[in-house]
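Enquirer: Using the hints, position chain B against chain A.
Chains as they are written, first to last, in my numbering: chain A, -18 to 337; chain B, 1017 to 1263.
Treat the hints as calculated values from the structure; they're not laboratory data.
It is possible that part of the hints are untrue.
[Said to hold, decoys possible] Simulated crosslink set (DSBU-like; lysine-lysine; CA at most 30 Å straight-line): (1) B:Lys1239 <-> A:Lys4; (2) B:Lys1064 <-> A:Lys4; (3) A:Lys4 <-> B:Lys1145; (4) B:Lys1233 <-> A:Lys4; (5) B:Lys1172 <-> B:Lys1239; (6) B:Lys1233 <-> B:Lys1064.
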Amino acid sequence: MNRRLLVVSSIFAAGLVAACDEKTSDLSDTVRPNAYGFQMVGQATNLPRGTARFRLPNGAQPESIVVTLRGLDSLGTGFWTAWVGDSLGTTFVRITGDLSVVRQDTTLNPLGQADTTVNNFSFPAVSAISNGGTNQVMTWRFSRATSGVAATDSMQTFLITMEDNNAATTPGSRRFLWARRIEGGTGTAPGTNKNAALKFGNFGSTTLTEYLYSAAPARGRGYFQRQIFSVNDSTLARPPLGFYYGIYMHAQLYLPGDTLFVGPLRSPWPRRELSLQNADSLITDPEVVLSVPPSILAAALRISGDTLGMPTSFPYAGYAFVRLNLVPKAGVAGQMGGMRILQAPVPFGIWSGGLQ
Amino acid sequence: MTQAHCWTSLRRFASVAALAATAAGSAFAQSQGQVTVAVRGGYASYDKSASLDAAPVMGLDAMYGINNWLSIGPALSLGRPQTTGSHFISVITYGVLNLGDTTYFYEATQPVNVLDGALNVRVQLPGRKLSPYATAGIGGYTLFLDVQANRGERHKVGLSFNAGAGALYALTERAGITFDIRSMTYTDYDRNVLDPRDDVVNFRTRVEETLYAEDFKPAPRSKSTVTNFVFSFGFSYVPFFFGGGGS
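Chain A extracted, bound-state conformation:
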């Protein structure tokens, strides 16, 4: 009897101990590393822009167009190509002109101070270019006498397209920069100058059918969490044909080799597998890419640094800014251009290597 009681009591005591262990409530059990957030703010600088001056013929002085250009990135596989067309914007011919480039280079002297140098370059009889940059101002002069345009061809619409090669004889679909003579004024007197701003977007034969790109509504935020880097953007305008949104990180001084191309924007979670690289021409994700109004309601990009070969510890140390850029599809792969839409400073602790 006593032995039996001992067994029962032992089992029961063990159960009591197990049931009443030192469990307590814990509402603040930390899980996962901290996330360090940032807010991306609008920049919209260095988008392709400029003016076109249409000059009417005056006696022996032929009709001409003088275009000033800024914000064109260098292309890796394609060409920025110039065209001139009629007032209807339906018939275009390739146009040749004289190009002069003013390039301002900035270097650091041994004292660490910035030195600037201005260089001038001239290229006669050019109808397409592939070099560009944020530090260049181009002046492209087209005269009916030397442009290759026939006397019967109209010079009322100026157009720049992005072509895959230098042999195009008709403009492709990537018609992103243009100006109309009629928008520079209605004067008809010989020698009249008509100045019209270049428009950036998708060319249409009329102002009703053209699409003007606007970076203004874009906004975004993101965070770093050890190897994870994540960006969420919203209310983006659809990029003009031939462009996509890409995320970059770069160091403070924009030195060569200090730029990281993180990747093109994608659909937000849970459809991250859908790339938005072709959202300029396709509805890649009906949930977020709209035709009317042409916009991308939400987009994101999330990476783990180890997949890009980042260091195991403090993977993003040294990077000072996160940028959302418009990237030309024919651009140099991985090279950051100047078409900046949004930018955020990397949290100090991350870029200084104090946090990860």
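Expert: Chain B only, in chain A's frame:
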């Protein structure tokens, strides 16, 4: 419920069991007019949707023999699982976003006393040393939540069913050991009562409402009826004052 409350509850439970144990004579399997008392101890595995971690559980069955194969009586069980923290993750963000903020991630867990009481019927194969049985019952359950985590007493009551099977191995004429597997179904279950994030913890946001949601495996879909399983070993005996006779 604090740990002190837990001890109080279990002490009462233990008193009843101990009283029965001291009253036990040499006992054997079920027979008409006898009360068989079984003290069980084991492990409870809760439904994923219940958001309760597996935990030890204790039980007490007192079955009155209607005849030598059918008996009826109350069945009690008590466990103290911890809520599953990964189902209740909250976020606190410090700082201002445009200057760079910092976000912390927390799991919220609390111990819960789960008391289940039912009136069970048991059918047993009589007259064997190893005697299998099946049992089923209906009753109620109560979740006693942690007082500190909930800033006061808070509990949840509901209807429960149980069904299971086991085997009794006779050691003597009136005593034996049992192995028991039982499903415990809780109806009108509300997982939200286990969630202290909204009502109790200030300045926090549920992670599923933030952009960090994808970093965490979502909690299983909430269900109003959850089925749990209890695996237990026990000691079964017939107390002498319930028909067991002297030792």
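Enquirer: Which constraints among the numbered hints does this structure fail? Numbers only, ascending.
Expert: 3
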